[in-house]
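Using the sequences provided together with the hints, build the complete structure.
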Amino acid sequence: MRTYLARKATLYVLTFLVAVTLNWLIPRLMPGDPVQRMISRAGVQHPESIGPMVEYYEQLFGLDLPVWQQYLNYWGSLLRGDLGVSIWLFPSPVEDVILRAVPYTLGLMLPAILLSWVVGNWMGAAAARRKALDNTVLPASYLLTATPYMWLAILLVWGLGVVAGWFPVAGGYDFGRRPTMSVAFVLDVLHHWFLPFLSLFLVSLGGWAIGMRNLIIYELESDYANYLAALGAPQRLIRRYAFRNGLLPQITGLALQLGTVIGGALVTEVVFAYPGLGYLILQAVQNADYFLLQGALLFVVVGVLVANFVIDLVYVVVDPRTRTGLQGANA
Amino acid sequence: MSLRVDDLAVHYRTTRGDVQALDGVTFEIADGEIMGVAGESGCGKTTLGKALIRLENRMKHVRGTVTLDGEKLPIADDRAMDPYRYRRISLIPQYAMSAMNPTRKIGRMIRELVTAKGVAYEDVRPELERRLRLVGLDEEVLGRYPIELSGGMKQRVVLVLATLLDPSLLIGDEVTSALDVTSQKAVARALVEFRDREFVRSVVVVTHDISVLYQMADTILVMYAGRLAEKASATTVIDQPLHPYTKMLVGALPKVGERYDDRRLTGIVGRPPSLLDPPGGCRFRDRCPLAMPRCEEQPPFLEVAPGHQVACWAVA
Amino acid sequence: MTVPSPGPATTVADDAPDAGAALDVPDARPGRLPGRRHEALYFALRNPKVVGAAVVILGLALLGLVGPLFADHGPNDYAGPTMQPPSGEFWFGTTMFGQDVWVQFVAGLRSTFLVGVLGSVVAGVIGMTIGFVAGFRGGWVDELLTMLTNVVLVIPGFVVLIVINTYLGVRSVPMQALYIGLFSWPWVARAVRAQTFSLRAREFVDLARLSGVPTRTIIVREVAPNMYSYLFMTFVLLFGGAILTAASLDFIGLGPTNAVSLGLMMNQAVQWSALHLGMWWWFVPPGLGITLLVGALYVMNVGLDEVFNPKLREM
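Residue numbers (the numbering used here), protein chains in the order written: chain A, 24 to 354; chain B, 1184 to 1499; chain C, 2 to 316.
Just so you know, the hints here were simulated from the structure itself, not pulled from any lab data. All of these numbers come straight from a predicted model, not from anything done at the bench. Warning: the hint list may mix true and false statements.
[As the list claims (entries may be wrong)] In silico DSS-like pairs for lysine-lysine, Cα to Cα no more than 27 Å straight-line: (1) B:K1288 / B:K1300; (2) B:K1430 / B:K1368; (3) B:K1243 / B:K1255; (4) A:K154 / C:K50; (5) B:K1243 / A:K154; (6) B:K1300 / B:K1255.
[Said to hold, decoys possible] Non-contacting residues of chain B with respect to chain A, defined by C-beta distances greater than 10 Å in every case (computed): (7) T1209; (8) D1260; (9) K1288; (10) H1391; (11) K1430; (12) P1456; (13) E1479; (14) A1488.
[To be verified] Chain B regions said to be covered by chain A (calculated; three or more residues, Cβ under 8 Å): (15) 1276-1282; (16) 1293-1302.
Built from N, CA and C at the ideal position, the CB exists for glycine as well.
This is the structure in structure tokens:
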């Protein structure tokens, strides 16, 4: 178990290093003088922001310094928690802007991911049990997985928002309201939350259902299932084992899918103009707010790594093979 | 009379037609008998073992009956067979190394299995522990996961597990082939002991390795291309076989104390006929040194001496 | 973006030497039919999933290939009246600015296929090379490559792509495909590595190694042919994944600057309030096109699994 978790932790630290390095490197791959380019691209929405921008860029890039020193300086400011100042929302520090958006994204993603995982696994197990269900659940699941996140979001906005008028089509809450802890405000937030949640939930659902169905069918062909059948054990028992063992790869799958689900959440937020990280990233892109963009990237990376580690901890609890020092599923 | 198999025929359905894996097999096993079934891969021995307890999806029962303790088994009806399985007929599978759910502790798995079969775990637990000790395992293995056990240990746990409800018939499919020689001997000895203590009434051991049978079998049944070739006591089959195929099979065995320097070990030349559309008559005749015109006709499985049956025109 | 893993399907493992022995069926496999390759083709042509999916994919490909040739104006030209619903003249209607949605759609299909093919080739080549080498060489080479694979696997590639595209810009579809390929290879590498490991242990590889054949030749001649079916299926999945990723990037406005794409069409539809104006013909076709194409690819993958894996063939 120790070695399993140690290996994983090493991987995540290494991944963080790589992500930070990429974040440092990519702007330096820009052709020409990056500082000038970025300032000219940024436009002059806030004329007063240009001064600090130039100063910050120059300090950040420190192009006159040797490369290794530039790199170390970058780490230095990062470790001081200094991600820069947002150009778009000048002069808010980037971390503030990001932290304001994070609750929306988490509130959208966590329920969508967890619920689609639970419901999808359940549907997949049902499909593996009955041929009739299999013939309906499976094609529907493939259709859902093949649907681009933003298209389903667009269809939902159009169908249930614009045409039916049941749900608001944009924002995290009604713009006329002030964020308070009143019942009316919470209801309003939930009302705005539902469609983006549903959209994300539905697209993720299919993949889990397909995965579980295939895993159970695979488990049912395994030796222990065959042996139990040969000993005349009831199907109930065999299916219970198959389901439980099928869940294990699905847990690892949860970690592997996180990156893509985040991408999905980002574009879904864009469609709904939902004030989370995705919408923030879009604004950063459109306003050439590079600090914000890079800060958001680092934040997402850290979030993914933390989530991965949590999943690893869960995995150690549920799969005895990781605890015995022998290699577990994907160690 | 423990087990009686009458004209049993089982086919495999494939996309290219039916493979006649088991084609009219008749034999009996007495109470307390350990019968080995030997033959090359593809001779139908594994199919025979499966037919006695659980047909695979692709297997089709064509004709014949299986009678256990005077009761005819519904082998073609998967559901109706369930009550007989484990309680009356049990199995040590070829894949004993992976026969247990990897994510359940062994004790818990056994509890869930026997409970599902309508037996209270508390009632069998003392016997379970006693038998584990008998095969040299501590009861603490019940608290472990299969992956924590060595191959030989797993094999012995499966032996105890399979015979826990004292079945009339135990089928062992290649029980020792995955083990090293020492573990092989231990498992063979345990199997004989279990029979002696009447944990199982009779045993069918399927193997491609005839030398293994010498250590534990009372009788040996030799199969060739879906049919029976010879059945006799183990010593007779190994020392005085009659059927030319058995002779070649036994001749292919290295014997302890003999030197092979000057005499090359010979395998059996040629290969068995396709069972997709097998030729009529004796199926061994293409490879047989004693083949004669009469072999165009199928030889009957005849008793040539008490307890010794052979299907061959040349020797019967 | 969602790439359903090829699952625990046992395509290659099925060739295991003991498969026939375990069934105890002689002659159930060896060839009455002329060779494995032909056998696969034989079953593929009789598999409704493979045939149906192939019809959809080829049909869309044909549209993308031929459609633009028959248009008398470019996808971004202002070809007619604005905001027209579908009609005989404009099959898919017109946009806010009077662009022909049909012409945009077929042009978008073209770049969708291009990004799918190129993206899957890039990811496939990187993933296979790394997987083969890691699985074949073992030892520290394997450790290193596996670590690299896992790092890229854990990094949220989509977000990195956003940053890359923002800074470096993407001028063309091939460039976009290259970037996408650079971040979607890891699971190919993992799968190929595992398969190579199991193949490496087989006798024929040992034999080749003993006779002093160079590693590269062994991989190309001995290991790869045993994995063709698996690799083909991998490409099918990568193809679909690349299309979805590209559509998402295009949708947030980070697509190629010089091309029309289905994602960009959706981006413009949303940006110019097509949803509120009820101009469904603007945003339904591009999404539907992607869904059909990617769905067909996934169904094709399932069908191919049945073809290559005899266990899954219905009796």
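Hint-by-hint comparison with the structure:
1. B:K1288 / B:K1300: Satisfied, since the Cα-Cα distance of roughly 19 Å is no more than 27 Å.
2. B:K1430 / B:K1368: 25 Å, holds
3. B:K1243 / B:K1255: The hint holds at about 18 Å.
4. A:K154 / C:K50: This hinted pair holds, its Cα atoms lying about 17 Å apart.
5. B:K1243 / A:K154: 22 Å, holds
6. B:K1300 / B:K1255: Holds - the C-alpha atoms of K1255 (chain B) and K1300 (chain B) are around 21 Å apart, at most 27 Å.
7. T1209: 24 Å, holds
8. D1260: 12 Å, holds
9. K1288: 8 Å, violated
10. H1391: 19 Å, holds
11. K1430: 35 Å, holds
12. P1456: 29 Å, holds
13. E1479: 40 Å, holds
14. A1488: Holds, since 36 Å exceeds 10 Å.
15. 1276-1282: With 4 residues close enough to chain A, the hint holds.
16. 1293-1302: holds (count 4)
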